[in-house]
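**Q** Sequence order for the protein chains is Y and W.
First residue of the first sequence: 1, per UniProt numbering; consecutive thereafter.
First residue of the second sequence: 1, per UniProt numbering; consecutive thereafter.
To be clear, the hints were calculated from the coordinates, so they are not data collected in a lab.
Heads up, a few of these hints could be off.
All copies of an identical chain are treated as equivalent in the list; a pair is satisfied when it fits inside any one copy or across any two copies.
[Stated by the list, open to error] The calculated SDA-like cross-link candidates involving lysine to any residue, where the alpha carbons are at most 20 angstroms apart (straight line), are:
| hint | residue 1 | residue 2 |
| --- | --- | --- |
| 1 | K316 | T449 |
| 2 | K142 | D420 |
| 3 | K316 | M29 |
| 4 | K316 | A417 |
Protein chains: 2
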Amino acid sequence: MTDDQGRKRRAGGRAGMKARAGSAAIEQMPWRIPLNPDRPTEPLDAEGVQRVHKAAMRILSEIGIEFLNPDAVAHLKKAGCIVNGTNVRMDEDFVMEMVGRAPETFTITPRNPDHEIIMGGKHMVFVNVSSPPNAWDMERGKRSGDFETFKEFMKLTQYFNCIHVAGGYPVEPVDIHASVRHLDCLHEKLTLTDKVVHAYSLGAERVEDVMEMVRIAGGLSHSEFDARPRMYTNINSVSPLKHDFPMLDGAMRLAKRGQPVVVTPFTLAGAMAPVTMAGAVALSIAEALAAIVLLQYIAPGCPVAIGTFTSNVDMKSGAPAFGTPEYMRATQMTGQLVRFYGLPMRASGVCAANVPDGQAMWETSNSLWSAVQSRTNMVYHAAGWLEGGLIASPEKFIMDCEVLQMIQRYFEEATFASTDDDLAFDAIRDVGPNGHYFGVQHTQDRYQTAFYAPFVSDWRNYEAWQADGSVWTVERAHRIYKQILAEFEAPAMDDVAREELTRFVARRKQEGGAPTDF
Amino acid sequence: MTDDQGRKRRAGGRAGMKARAGSAAIEQMPWRIPLNPDRPTEPLDAEGVQRVHKAAMRILSEIGIEFLNPDAVAHLKKAGCIVNGTNVRMDEDFVMEMVGRAPETFTITPRNPDHEIIMGGKHMVFVNVSSPPNAWDMERGKRSGDFETFKEFMKLTQYFNCIHVAGGYPVEPVDIHASVRHLDCLHEKLTLTDKVVHAYSLGAERVEDVMEMVRIAGGLSHSEFDARPRMYTNINSVSPLKHDFPMLDGAMRLAKRGQPVVVTPFTLAGAMAPVTMAGAVALSIAEALAAIVLLQYIAPGCPVAIGTFTSNVDMKSGAPAFGTPEYMRATQMTGQLVRFYGLPMRASGVCAANVPDGQAMWETSNSLWSAVQSRTNMVYHAAGWLEGGLIASPEKFIMDCEVLQMIQRYFEEATFASTDDDLAFDAIRDVGPNGHYFGVQHTQDRYQTAFYAPFVSDWRNYEAWQADGSVWTVERAHRIYKQILAEFEAPAMDDVAREELTRFVARRKQEGGAPTDF
Chain Y
1 MTDDQGRKRR AGGRAGMKAR AGSAAIEQMP WRIPLNPDRP TEPLDAEGVQ RVHKAAMRIL
61 SEIGIEFLNP DAVAHLKKAG CIVNGTNVRM DEDFVMEMVG RAPETFTITP RNPDHEIIMG
121 GKHMVFVNVS SPPNAWDMER GKRSGDFETF KEFMKLTQYF NCIHVAGGYP VEPVDIHASV
181 RHLDCLHEKL TLTDKVVHAY SLGAERVEDV MEMVRIAGGL SHSEFDARPR MYTNINSVSP
241 LKHDFPMLDG AMRLAKRGQP VVVTPFTLAG AMAPVTMAGA VALSIAEALA AIVLLQYIAP
301 GCPVAIGTFT SNVDMKSGAP AFGTPEYMRA TQMTGQLVRF YGLPMRASGV CAANVPDGQA
361 MWETSNSLWS AVQSRTNMVY HAAGWLEGGL IASPEKFIMD CEVLQMIQRY FEEATFASTD
421 DDLAFDAIRD VGPNGHYFGV QHTQDRYQTA FYAPFVSDWR NYEAWQADGS VWTVERAHRI
481 YKQILAEFEA PAMDDVAREE LTRFVARRKQ EGGAPTDF
Chain W
1 MTDDQGRKRR AGGRAGMKAR AGSAAIEQMP WRIPLNPDRP TEPLDAEGVQ RVHKAAMRIL
61 SEIGIEFLNP DAVAHLKKAG CIVNGTNVRM DEDFVMEMVG RAPETFTITP RNPDHEIIMG
121 GKHMVFVNVS SPPNAWDMER GKRSGDFETF KEFMKLTQYF NCIHVAGGYP VEPVDIHASV
181 RHLDCLHEKL TLTDKVVHAY SLGAERVEDV MEMVRIAGGL SHSEFDARPR MYTNINSVSP
241 LKHDFPMLDG AMRLAKRGQP VVVTPFTLAG AMAPVTMAGA VALSIAEALA AIVLLQYIAP
301 GCPVAIGTFT SNVDMKSGAP AFGTPEYMRA TQMTGQLVRF YGLPMRASGV CAANVPDGQA
361 MWETSNSLWS AVQSRTNMVY HAAGWLEGGL IASPEKFIMD CEVLQMIQRY FEEATFASTD
421 DDLAFDAIRD VGPNGHYFGV QHTQDRYQTA FYAPFVSDWR NYEAWQADGS VWTVERAHRI
481 YKQILAEFEA PAMDDVAREE LTRFVARRKQ EGGAPTDF
């Protein structure tokens with residue numbers, strides 16, 4: 001079994017981890033949970049926020065949401081909602097009462113408690129690219145996702161301190177049968193990384209298996225697992241106006257065990273949502289709140305968050321576009337609404353570009369800055385996403401991490417502090433009109449940490465860059481990606497937990513894994 | 001004379017302009033002066049703004065600024081400043097009194113009054129790349145600037161509606177002798193474009209020549225020229241703490257004729273300025289205010305603006321870095337100070353990258369978004385800049401214009417409007433849970449203008465992109481640049497003005513142009 005071989009190799013290497021710390025492929029920022037100090041950008045005025053809120057409430061009370069899950073419908077019927085078949089309508093008072101039960105902030109603690117994340121407030125965490133069916137890199141071009149590539153991305157996810165969460169599968173490993181894919185993937189995720197992981201809500205068995213694996217990997221009893229968030233799921237509505245069976249089923253299973261659920265409608269303006277951005281946001285908010293109401297009813301106070309995935313189609317091709325001006329405003333407006341409801345928020349780092357070039361980076365920059373501007377707490381797809389989510393790219397992963405590190409540095413108070421030391425009046429007087437600041441004590445005391453230090457950007461002049469081979473950014477990123485993989489060492493793991501995890505996977509595979517309908 | 005040939009060819013083509021309007025290389029946004037609706041990002045609290053202000057005042061009153069221009073010193077002495085040789089100290093009351101004379105907003109009207117710009121308030125205009133000594137494109141690589149390349153950039157500047165100002169020379173045409181370079185360059189600028197132009201403050205003769213050429217090109221009498229801003233200059237201090245002779249001379253000449261002066265210190269933290277960003281900003285503000293005080297004293301109420309060019313060095317190479325987190329915060333802090341003084345503000349679209357790749361675009365995006373966040377009124381180098389300003393690139397110009405258009409679209413209220421029409425409740429009800437929005441009337445009525453339409457971004461999926469040749473962004477930009485040049489038609493120009501301009505250039509060349517010291 002390739003898993004076991006991989007495991008043994010990693011286990012053997014653990015002792016060498018600290019010794020090799022000096023030979024890192026890059027110098028990167030230490031782990032931290034960034035705090036976003038900026039006041040959010042607010043395209044809507046207070047009345048505008050109320051108008052979008054009221055539109056969402058009218059959608060919920062007058063149109064209703066389809067819940068394609070009989071348990072969910074039964075719960076909501078019991079709660080007093082108006083039920084017609086799968087259509088459920090709920091009024092504003094009930095919605096706001098249920099939303100009021102949800103915590104504004106919560107933590108998620110992975111098997112390494114040093115990598116605990118905080119969801120809510122001014123905290124912001126970055127999640128790797130999740131769910132592309134394909135991979136692209138400079139050597140191999142575009143190809144279907146496979147398990148080896150999945151592992152590569154897990155290593156990048158663990159390596160970068162600016163990636164806080166090992167989210168969904170960075171590529172779908174189609175070379176593993178769907179019945180056992182979650183077992184192999186989570187085994188790798190829980191051994192190659194020690195960060196927060198996610199369960200796809202794709203059927204009861206998968207969800208239960210992942211919860212059990214997270215519990216085992218953390219060396220936790222069942223009650224310890226249930227006591228606080230240890231993992232999470234992200235569910236999407238089927239816009240417009242629908243929640244499907246497995247997503248609701250998974251969400252309810254997690255909520256009942258106190259594990260967080262992020263609800264992220266995919267409302268593409270002009271396709272599954274109104275062509276107008278405020279309308280697409282209102283629909284998205286209504287769909288998200290509908291699921292959150294259900295979860296708060298069955299598990300009062302369970303941790304939830306609202307995700308936004310509102311963008312627009314390309315009116316020429318019908319393809320989704322990302323990182324557009326409309327995307328940015330939709331993200332900002334969603335942020336205003338989510339703060340109105342007092343919930344944590346998820347957004348994304350996204351682009352429509354097919355390769356990691358200029359377009360990829362301006363679209364990604366647009367989306368990441370709109371995440372900052374909307375005070376997003378969890379940024380999905382923050383590293384590695386291409387082609388509207390159909391491709392995961394390691395070069396893009398490396399390039400995105402540079403941007404993420406710059407955002408983390410941008411948040412640091414040192415960049416805008418105005419103490420007497422920062423204002424440097426004495427240094428200005430001492431240097432005078434004919435001097436240079438490089439040699440003065442004020443500079444010498446601070447220069448090593450004064451500025452962001454890049455790892456893939458090349459700040460040398462053209463001639464130095466040319467003499468070194470005229471290497472464009474994507475090629476530099478490729479080299480770094482290869483070097484990181486070559487040097488990678490898996491994080492430490494308790495041997496008992498590791499062995500129990502491997503036994504669990506073996507047993508569940510023998511049992512056939514999860515049922516598949518194909 | 002190549003000038004004349006160029007002129008005649010263009011003159012002959014004018015009639016065809018409108019007829020060929022349908023065969024444009026790209027579909028672009030119409031001309032507009034964008035209005036930035038966002039509340040600025042404010043890293044400093046009110047006390048922080050006061051602290052930076054007071055530090056700048058202490059620099060001006062306790063350390064003083066070197067004015068390497070005897071006329072300037074004489075004026076300031078007469079005004080009551082404390083003068084010691086070239087060192088001039090001024091107190092806060094005097095500074096604030098002089099700053100109070102400057103208008104918060106002003107216009108600049110070029111020869112085509114439809115291309116008038118507004119400086120101040122929420123208005124934002126974009127200026128082409130200015131002053132690189134070199135050019136780079138995909139075919140020819142890096143090479144020294146020349147006149148043919150200068151003309152290419154003038155055509156791009158005129159072509160794009162999102163470029164509002166034909167600023168400095170996009171490349172320095174070193175194949176023209178410095179004594180007559182300004183004559184040839186301004187002749188091309190004033191015939192190939194009809195947008196606001198700029199005079200370099202590099203000696204009395206050059207400044208006077210450019211003012212005269214702008215007057216002639218506009219068909220204006222001397223009093224009509226003096227009556228309102230028709231052009232502008234941008235001066236840089238010699239940081240730290242100095243203003244040199246020609247810059248002050250040019251600035252005073254323009255101010256006396258009511259033409260705007262932008263004062264832009266180049267305070268590179270860790271080199272010519274303190275390593276701390278607030279200190280670098282305080283120094284920059286002090287240097288900028290010193291020149292503005294002089295101008296307001298000699299020409300009360302003359303239009304001025306504060307520019308920021310505060311960034312940091314790369315502590316590894318000493319090279320300037322751009323679009324860094326520190327650069328963004330410096331720009332935002334400067335915006336807060338400039339608004340405190342009630343003046344218009346200039347910033348830039350900049351990067352350290354050597355080629356128009358991913359790094360170029362994330363650095364440029366960082367700088368452009370910080371311009372938005374600081375409510376900058378005039379964005380220099382908004383299209384075409386590479387290698388910290390040492391290279392102008394046509395591909396980068398094209399790529400940047402996509403980002404600029406997206407910023408313009410981002411500003412449009414349609415992206416965040418929340419009227420009943422925008423909230424689209426009826427459409428959401430009518431489409432219901434099983435429909436699609438593409439066909440409904442609400443979409444059909446709006447889809448043609450609902451979303452930003454790109455011209456160089458490729459939003460097709462990978463397979464369509466691959467079937468079309470797998471063309472990366474930089475190559476697409478290269479093709480568009482070539483196509484724009486091939487189709488370019490100069491703007492209409494009054495024949496009398498054109499002939500007078502040509503005669504003026506010929507006469508001044510015969511007289512030897514401007515003196516040079518080499």
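**Q** Evaluate each hint against the coordinates.
**A** Going through the hints against the structure:
1. K316 to T449: between (48 angstroms within a copy, 12 angstroms between copies)
2. K142 to D420: neither (54 angstroms within a copy, 44 angstroms between copies)
3. K316 to M29: between (42 angstroms within a copy, 17 angstroms between copies)
4. K316 to A417: neither (47 angstroms within a copy, 23 angstroms between copies)
The structure fails hints 2 and 4 (numbered hints given earlier, in ascending order).
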